[in-house]
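A.B. asks: Sequence:
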Amino acid sequence: MGVAGMGRNRRLSRRVADAAFGEIRRQLTYKTRRRGTRLVADRWYPSSKTCSRCGAVKTKLPLSMRVFECDNCGLVLGRDANAGPNLVALAARTTGTGAAGDLDLAKAKSKPRGADRKTRVTRPRRKAGTGRAGGAVPGPRAGKETGDRQQDTGAQLAL
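Number 159 marks the last residue of the sequence shown (this note's numbering); no jumps.
These are calculated hints, taken from the structure and not from any lab test. No experiment lies behind these values; they were computed from the predicted model shown. You may find that some hints are simply not true.
Said to hold, decoys possible - 20 Å max Cα-Cα, derived EDC-like pairs, lysine to aspartate or glutamate: (1) 58 to 71; (2) 31 to 42; (3) 49 to 18.
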């Protein structure tokens, strides 16, 4: 409901549609499955509410607050700059390495694109007939369009 809920907000809807958050999530999901890895952080992980120095979590931190100030250790950092180290630490705890998608230390063997499965199903194209909207597209020498006139050079020379 995250993207759908933001799309229903009259102030955010156009910006959310332009940003295509749903498309980003869809591509992350299919690319991680394709490589045999996984996404580590779920959508409710409080990466920007957790102090990257001491680990204290703020219960309430509205989105309008763009600077994170820790009440425990006094760290003052931009909200996004604070979230980055928290996500790296989560990946290290979950996978054992610093990379977010690694399942273990063994590398997955790479397969060239399309070698193990078809990537696209091909279907025969339907040709545009006269019954379809738009109809057939005539070639450049197929005929005259309405309103085109040829210049009668014989009549001009006679005058």
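A.B. asks: Just pull the numbers of the violated hints for me, sorted ascending.
C.D. replies: Failing hint: just 3.
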